[in-house]
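Chemist: Each residue of the sequence shown is one higher than the one before, starting from 139 at the first, in the working numbering.
No lab work stands behind these hints, which were simulated from the structure alone. Accuracy of the hints is not assured; some may be wrong.
Using 20 Å as the maximum straight-line C-alpha spacing, the simulated EDC-like pairs for lysine to aspartate or glutamate come out as follows [stated by the list, open to error]:
no., residue 1, residue 2
1, K227, D304
2, K151, E210
3, K279, E253
4, K170, D185
5, K273, E245
6, K170, E245
7, K240, E253
8, K273, D287
9, K240, D213
10, K240, E169
11, K281, D304
12, K281, E245
13, K267, D304
14, K274, E253
15, K281, E253
16, K186, E169
17, K151, D213
18, K227, D202
19, K279, E225
20, K151, E225
21, K199, E210
22, K240, E180
23, K240, D304
24, K274, E317
25, K151, E141
26, K279, D300
27, K227, E210
28, K273, E225
29, K170, E225
30, K279, E180
31, K170, D262
32, K273, D300
33, K240, D300
34, K227, D300
35, K281, D155
36, K186, D202
37, K170, D155
38, K273, E244
39, K240, D185
40, K227, E253
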Amino acid sequence: MSELTTIARPYAKAAFDFAVEQSEQYKSAVEKWTNMLAFLAELIHHDKVQLYLTSSNSTLKLADTVISICGEQLDQYGQNLVRLMAENKRLAALPAVFNEFKSYVEEYNSIAQVEVISAQPLNDAQQQKIVTAMKKRLARKVKLNCRIDSSLIAGAIIRTNDFVIDGSSRGQISRLANELQL
139 MSELTTIARP YAKAAFDFAV EQSEQYKSAV EKWTNMLAFL AELIHHDKVQ LYLTSSNSTL
199 KLADTVISIC GEQLDQYGQN LVRLMAENKR LAALPAVFNE FKSYVEEYNS IAQVEVISAQ
259 PLNDAQQQKI VTAMKKRLAR KVKLNCRIDS SLIAGAIIRT NDFVIDGSSR GQISRLANEL
319 QL
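Make the full structure from the sequences, and use the hints.
Modeler: Here is the structure:
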């Protein structure tokens with residue numbers, strides 16, 4: 139997985155920089171690139187396309203096939219990206235390019251993805267309280283991704299990138315057990 143990320147990062151960065159440069163002229167360039175890359179990533183995930191990627195020898199034929207499948211979804215710059223990635227035998231990395239591109243967009247828009255894992259569903263007031271606290275802590279806009287894990291017993295774990303707050307009962311019990319063993 140990290141190898142694909144390493145391969146994808148320069149393509150995503152180049153596409154992002156180009157989209158930002160274009161957005162000075164066209165307001166929706168970043169959104170357009172996001173849609174193109176999302177479509178390409180979804181296409182590459184398809185089983186028949188995966189089989190074709192591994193069986194095709196001609197990079198030109200491979201690029202033309204992907205471009206023809208995409209049709210109106212790709213503009214000339216998106217088509218150029220497909221040709222370049224096909225030439226370098228990197229089309230399989232398109233989903234990773236899309237993920238990297240999204241992270242550049244989030245950073246550009248100052249949006250932090252915050253994962254909240256709770257023992258029980260959070261109500262709107264609790265979610266808003268977490269959003270407000272995390273906005274203050276991270277100095278960014280916050281997008282919450284909530285999920286439930288009943289093994290936490292009670293409480294929640296809040297995670298974004300390398301920052302983790304473990305307020306779960308399971309975490310507290312674990313810390314207590316570690317202290318008692320000293």
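Chemist: Each of the hints needs a verdict: does it hold here or not?
Modeler: Hints versus structure:
1. K227 / D304: violated, 42 Å
2. K151 / E210: Violated - the C-alpha atoms of E210 and K151 are around 23 Å apart, more than 20 Å.
3. K279 / E253: holds, 14 Å
4. K170 / D185: Outside the cut-off at roughly 25 Å; violated.
5. K273 / E245: With a Cα-Cα distance of about 14 Å, the restraint between K273 and E245 holds, given a limit of 20 Å.
6. K170 / E245: Holds, at roughly 17 Å.
7. K240 / E253: Answer holds: K240 to E253 is near 16 Å, not above 20 Å.
8. K273 / D287: violated, 24 Å
9. K240 / D213: Between K240 and D213 the Cα gap is close to 19 Å, so the pair holds against 20 Å.
10. K240 / E169: holds, 10 Å
11. K281 / D304: Holds - the C-alpha atoms of D304 and K281 are around 19 Å apart, at most 20 Å.
12. K281 / E245: Measuring from Cα to Cα gives roughly 12 Å; hence the hint holds.
13. K267 / D304: holds, 16 Å
14. K274 / E253: holds, 16 Å
15. K281 / E253: The given pair, whose Cα atoms are some 8 Å apart, holds under the 20 Å limit.
16. K186 / E169: violated, 28 Å
17. K151 / D213: Distance of about 18 Å is within 20 Å: holds.
18. K227 / D202: Cα-Cα ~14 Å, so holds.
19. K279 / E225: Given pair K279, E225 is violated - Cα atoms ~38 Å apart, limit 20 Å.
20. K151 / E225: Satisfied, since the Cα-Cα distance of roughly 18 Å is no more than 20 Å.
21. K199 / E210: Holds, because 19 Å separates the two Cα atoms, which is no more than 20 Å.
22. K240 / E180: holds, 14 Å
23. K240 / D304: violated, 27 Å
24. K274 / E317: violated, 31 Å
25. K151 / E141: holds, 16 Å
26. K279 / D300: Holds, at about 17 Å.
27. K227 / E210: Distance ~23 Å between K227 and E210 Cα, so the pair is violated.
28. K273 / E225: violated, 43 Å
29. K170 / E225: violated, 23 Å
30. K279 / E180: Judged against 20 Å, a Cα distance of about 27 Å means the pair is violated.
31. K170 / D262: violated, 32 Å
32. K273 / D300: holds, 16 Å
33. K240 / D300: holds, 18 Å
34. K227 / D300: Answer violated: K227 to D300 is near 33 Å, above 20 Å.
35. K281 / D155: Roughly 23 Å between the alpha carbons, so the hint for K281 and D155 is violated.
36. K186 / D202: holds, 16 Å
37. K170 / D155: holds, 13 Å
38. K273 / E244: holds, 14 Å
39. K240 / D185: Violated, because 24 Å separates the two Cα atoms, which is more than 20 Å.
40. K227 / E253: violated, 34 Å
Violated hints, in rising order: 1, 2, 4, 8, 16, 19, 23, 24, 27, 28, 29, 30, 31, 34, 35, 39, 40; the structure is consistent with all others.
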